[in-house]
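Chains A and B are the protein sequences, given in the same order. Using this note's numbering, the final residue of the first sequence is 198, and nothing's skipped along the way. Using this note's numbering, the final residue of the second sequence is 298, and nothing's skipped along the way.
It should be emphasised that the hints constitute simulated quantities derived from the structure, not laboratory data. We treat Cβ as the ideally placed atom computed from N, Cα and C, and that holds for glycine. Be careful, since some hints might not be right.
PhoX-like, lysine-lysine: derived pairs with alpha carbons at most 20 Å apart [what the hints assert, rightly or not]: (1) A/K164 <-> B/K55; (2) A/K73 <-> A/K109; (3) B/K55 <-> B/K197; (4) A/K164 <-> A/K73; (5) B/K165 <-> A/K109; (6) A/K139 <-> A/K73; (7) A/K73 <-> A/K131; (8) A/K109 <-> B/K253; (9) B/K295 <-> B/K253.
Facing chain B, according to a computed beta carbon distance under 7 Å, are these residues of chain A, among others [unchecked claim]: (10) N29; (11) N33; (12) W99; (13) L101; (14) S107; (15) E108; (16) L162; (17) D166; (18) P170.
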Amino acid sequence: MIARARWLVHPLALLPLALLFYDFLIDNLTANPIQEITQRTGKTALILLILTLVVTPVNRHFRLPDLVPLRKRLGLYAFLYATLHLSIFVGLDYFFDWELILLELSEKLYVLVGLTAWLLLLPLAVTSTKGWQRRLGKRWKGLHRLIYVAASAVILHFLWLVKSDIREPLAYGAGVALLLTLRLPPVRRWLPRRTPE
Amino acid sequence: MRAITPLNITPEPLYLNRRAFMRTFGAGLAVAAGAPATLLGAPSEPTDLPTSFKDITHYNNFYEFSSNKQAVARMVSGFETTPWQLEVTGRVAKPALFDVEELITRFQPEERVYRLRCVEGWSMVIPWHGFPLARILEAVQPTPEARYLKFITVHRPRQMPGQKNGWYHWPYVEGLRLDEALNDLAILATGLYAKKLLAQNGAPVRLVVPWKYGFKSIKSIVRIELVKSRPTSLWMRAAPHEYGFYANVNPKVPHPRWSQASERRIGEFRRRRTLMYNGYEEQVAHLYAGMDLKANY
Ligand code: HEM
């Protein structure tokens, strides 16, 4: 069942991009379209990153191995949106004005942690293929644990960029914290695990 | 200094954001692809054309209704602005209670086209209708102890759903030093584009201090108190390290989130450099002579 529905990840993950394009065509991106598309791509990247982190614990505790191939696809889509988000910042918002971009980077911690998150995701996207997985062997798993750091950095990024009311980033942060806690060995052992029938 | 002079007739610009966006989006791709800059033409001298009526009335920071700038215009329908009285009290010889209609007939609003610079890094040009705050102060006669003005927005959680958000201390409060309030640029606005103010823009009467970040220009005012000591504004209380009492537009004082060195004019694609005191240096710089502007942000 799950294996047959797995292709749905592609249209679903591309839907926010399609909506963005649609809203662009009907001029529905607010009076400040660049900020709107920055926020939307950032938010989508974060949600996809969280979904990527959901796969492993769900499979572990509910025995749903058919979900596992989704992890790579969700992760790559998260990276796609994060890259769009970063490109919008550099190419549309700041229009390749490197002087201003460097000023932002040196002045604002939220930009610095955002960039850190993207730089951590980059090697994961590159080494997501079967070939790299084989080549890296045991080290592959260790490398891909960087997603924990990246997701935490994105939460910091979000926390530092909202104006005063931090409840929304805190809610996402709680989600990430839960998903990381489920991976701690004592928690993992303590939680029930469905054995294969 | 590029002060904007009042215009008799303000044409409502009809350009579409999307057009400007698409045009320059193409240019952006060309730059990204390494096209020589000459192909794209040199950037033209920045102008101060009024922002479209639609954008001014559909992109509003008015947390009393919503923190979503697009949603505000949809949320204001239940907000009653007539009748409306503005009380001016505190350290004044002649406290007064003005009816808004009376304010308009008595003080004869005129058109003032001002730049508005939001602390969030965007800006507009708005043809306000208003009269100098100094005119009201002449009428109420501040006593010698009066050193500051404290402005208060109406508190009506039933009509202003955002006021049910417990994160902030309602009602909205703002403040000015008396000499700032007496500056001719400081106005109380009652209209915009020759129409009465709409609720989302702070109807029926609001402050406009164009050399300060937009949040200083408090909306839907019910009371102005002349006081001895410096009032604490809502934003100073919410985040004291980010929002100071003065909040003068200053490209050299950074903010942890938004660029203060540059801004995006609504309806335009490229950022502009932000001007000191939002371009009103000549008129207001003397108010802050000798002050450390980094400490008094
Ligand atoms: C160099 C890298 C990055 C830069 C320069 C950057 C810049 C920005 C900017 C300018 C905003 C909008 C702030 C505003 O509200 O005006 C933003 C929001 C956001 N970004 Fe990033 N970002 C970066 C990396 C990332 C990454 C890698 C992610 C996620 C995987 C991410 C997720 C978000 C989220 C969730 C928001 C909030 C959206 C909202 O307000 O709804 N960012 N970022």
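Handout entry: Given hint A/K131 paired with A/K73 - CA-CA distance at most 20 Å
Key = 10 Å, holds
Exercise for the section: Take the C-alpha atoms of A/K139 and A/K73, compute the straight-line distance between them, and say whether it is at most 20 Å. Expected result: 17 Å, holds
Problem - Restraint check for A/K73 with A/K109, where alpha carbons must lie at most 20 Å apart - result: At roughly 32 Å apart (the allowed maximum being 20 Å), A/K109 and A/K73 break the hint.
Exercise for the section: Take the C-alpha atoms of B/K165 and A/K109, compute the straight-line distance between them, and say whether it is at most 20 Å. Expected result: 32 Å, violated
Problem - Interface hint compliance - A/L101 to chain B, C-beta minimum distance less than 7 Å - result: This hint holds: A/L101 lies near chain B, its Cβ roughly 6 Å from the closest one there, short of 7 Å.
Practice task
With a cut-off of 20 Å on the C-alpha distance, tell me whether B/K295 and B/K253 pass.
Solution key: The given pair, whose Cα atoms are some 8 Å apart, holds under the 20 Å limit.
Problem - 20 Å Cα cutoff - pair B/K55, B/K197 - result: Holds, at roughly 15 Å.
Handout entry: Cut-off 7 Å, beta-carbon criterion: hint that A/W99 touches chain B
Key = Where the cut-off is 7 Å and the nearest Cβ of chain B is about 12 Å from A/W99, the hint is violated.
Handout entry: Straight-line alpha-carbon gap A/K164 to B/K55, limit 20 Å
Key = Not OK: A/K164 and B/K55 at ~25 Å, beyond 20 Å, violated.
Practice task
Have a go at the A/S107 hint: is there a Cβ in chain B nearer than 7 Å to its own Cβ?
Solution key: A/S107 check fails; min Cβ-Cβ to chain B is 10 Å, beyond 7 Å.
Handout entry: Given pair status - B/K253, A/K109, alpha carbons within 20 Å
Key = 14 Å, holds
Problem - Minimum beta-carbon distance criterion (7 Å), A/E108 to chain B - result: Cβ of A/E108 sits 5 Å from chain B, so the hint holds.
In summary, the numbered hints that this structure violates are 1, 2, 4, 5, 10, 12, 14, 18.
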